[in-house]
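So the sequence lines, in the order shown, correspond to chains B and U. With the first letter of the first sequence counted as 1, position 364 gets the number 363 in numbering that gives the first Met the number 0; the numbers rise by one all the way through. With the first letter of the second sequence counted as 1, position 22 gets the number 21 in numbering that gives the first Met the number 0; the numbers rise by one all the way through.
Any given hint could be a false lead.
[Unchecked claim] Dumping the calculated BS3-like pairs for lysine-lysine here, alpha-carbon to alpha-carbon at most 30 Å:
1. B/K195 - U/K21
2. U/K76 - B/K195
3. U/K9 - B/K438
4. B/K229 - U/K9
5. B/K419 - B/K229
6. B/K190 - U/K76
7. B/K324 - U/K9
8. U/K21 - B/K190
9. U/K76 - U/K9
10. U/K9 - B/K190
11. B/K419 - U/K21
What the hints contain is simulated information worked out from the structure, not anything from laboratory work.
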Amino acid sequence: MSEATKLRLALLGAPNCGKSSLFNALTGGKAKVANYPGVTVEYRKGEFNLPGGQSVELLDLPGVYGDCGHSMDERVALDAVRGNLEGERAPDAILFLMDASHINTHLHNILQAKNHGLPIVLVLNMMDMAARDGITIDLQELERELGIPVISCVAVRESGRSLLLEYLDEWGGDVTHGSAAAPDAEVGELKALQAKARSITRNAVTRVQKTETFSQRIDNWVLHPVFGIKILFLILFVMFQAVYTWSGPAMDLIEMGIGALQNGAAAILPEGLMRSLVVDGIIAGVGAVLIFLPQIIILFAFILILEASGYMARAAFLVDTLMAKVGLNGRAFIPLLSSFACAIPGVMSARTIEQERDRLTTILIAPLMTCAARWPVYFLIIGAFIPANKIGPFSQQGLVAFGLILVGIVFALVMAAIFKRTLTRGESSGLLIELPSYKMPVFKDYLIGLWDRGMIFVNRAGRIILPASIVIWILISFPTNATATAQTWAGKVGGVIEPILRPIGFNLEIAISLIPAMAAREVAVSSLATIYSVADDDTGTKLSELISSQWSLPTALAFLAWFVFAPQCLSTFAIIRKETNSWKWPLFAFGYLFVLAYVAAGLTFHSATAFGL
Amino acid sequence: MTLRLTDLAKDESGIITGFDEKDADLCTRLREIGFAEGDNVTPLHFGLFGRNPISVRVNGALIALRRQDAQAIELTKIVENSAS
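Throw the hints in and build the complete structure from the sequences for me.
Here it is as structure tokens:
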């Protein structure tokens, strides 16, 4: 079907009204998702066919309250609706999704949205929940008052979507059929729009006051000034413990698979350079990173549940006072927490922060959160040097990882306080955030989210780590008559920066591995795997065993300290460049992270040596 | 003297009478997220330090905001505890 005959619909609505659920349900989750380096994900785009055969292109836009575009996120959504996005045609119509339980609060938003001059349909989502909460909505009355179609919907159930599909089927075949909604007289006058919306809901909505809803009962604990903080801390702690203790069996399985692959390749390929390239270069390099997939999946399994259940906004509420102390607001917690997965989506989601100075501060400290790419490095070094003992019920390795994460967080807060007093001085914006009702995460959305994150990690292994492993293998294998690492090409390159890194306890192998790690932090691990595999005659010795026999403990600790700050990852600096629209801030971020990493590694190395470790 | 949202204790209710227009941008944001004249508001939770931030129930939604922003919301207190 050609582009012109596709019906183009934009999905608009407040945050947490279930846009993504509806999007996933209609399109089967097959969306054009973000490509990480350099490409900013602004919205998701997917396609589906109506029962009658008409093909529809659906845009999933960021959540928007009004039409003033306070934050960058809101501006992107509004630009998309107005057809101001480069290379994107304006949509043919708007599906305005609203959480039916919150119709009293949000109805004026649709009065504003009518002013976009596009055909618009109000889709009242989660009608089942509204009924449960004692809310009855007179749809005919609402249609009459608003002058636009109103459709009841339960996005997560097939039967709940049928009315919407039927309506679109009838109307969507002919784009010209739907006429643009007539703007209301009181254009731009928010107070008047609210008054009108309130008078509409007085006629069309009746609510039976319930004593205490399910969400309120949970919130009495979760938002409790004392218990709330404890619960938050407990959740984060369990999350990081789980990453270690639950991932073991799956990691063993992957490790066995990699070993079998190496032995199989070694048996088929004749002795020589080709065998070395496949076994020591490609399989060892890519395998060294892929093995961490179970841990990454568990980490995201937690983050996605926290997001989908509605807890994340509560966390923002709980940490707001702490954030206020360093001049930020609780909203910054969400980009910072997603930075635990990757700083790139973290830097991008800082767009929800309205105040420009706060956004910049958040972007600058986002790389201090322990991103997924640092996990392989932590896992490797902790696995090699920290005994797998239990301290009480806790895994000692998990505790060390938790400690490293805390160090990152503490430095992030300290740096934020410093930046707010110097570079980004000025009044900070308030919190102002809606705490959505608790929801059971939709299993399908959850799996799609988990799959997307997992694939991003695996794709990186293919696109960045595979080529990096081959390059490292070439550099470390030639000239072929080299008898020591220092005589290889890699040794010569590493030798240039090694003198700078020697004072902080790093050896030549580390110096070599840090260069390709600029492409992605975890490449440090795959590079070490390749370097030591080539040097080691015995195929299949575990990298962690090789390292623990060849590095001193102070060197290993210094390496960990370096990676808390890790002035690596060009993609992070590229996204900072894009989001701040200047070279100044990415260069500044690199500079300050490098200084911190160098000083921290040096201090760690020398104090560990002094303590005789 | 005008009562403000910050003058309400936990579980006390008030009816919004207006907004302090000093910060026009803040007013717009408060309105957009769902506060309006005539709405019934009830603070439900307070943060640990300085009772900041506050979470407020308004029209069945729960909204979190800082005390300094809550200052901009003017109201009259509902005295007797007849739940309406």
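Hints, one by one, checked against the model:
no.	hint	verdict
1	B/K195 - U/K21	holds (24 Å)
2	U/K76 - B/K195	holds (24 Å)
3	U/K9 - B/K438	holds (25 Å)
4	B/K229 - U/K9	holds (21 Å)
5	B/K419 - B/K229	holds (28 Å)
6	B/K190 - U/K76	holds (22 Å)
7	B/K324 - U/K9	holds (24 Å)
8	U/K21 - B/K190	holds (16 Å)
9	U/K76 - U/K9	holds (13 Å)
10	U/K9 - B/K190	holds (28 Å)
11	B/K419 - U/K21	holds (25 Å)
Taken one by one, the earlier hints all hold for this structure without exception.
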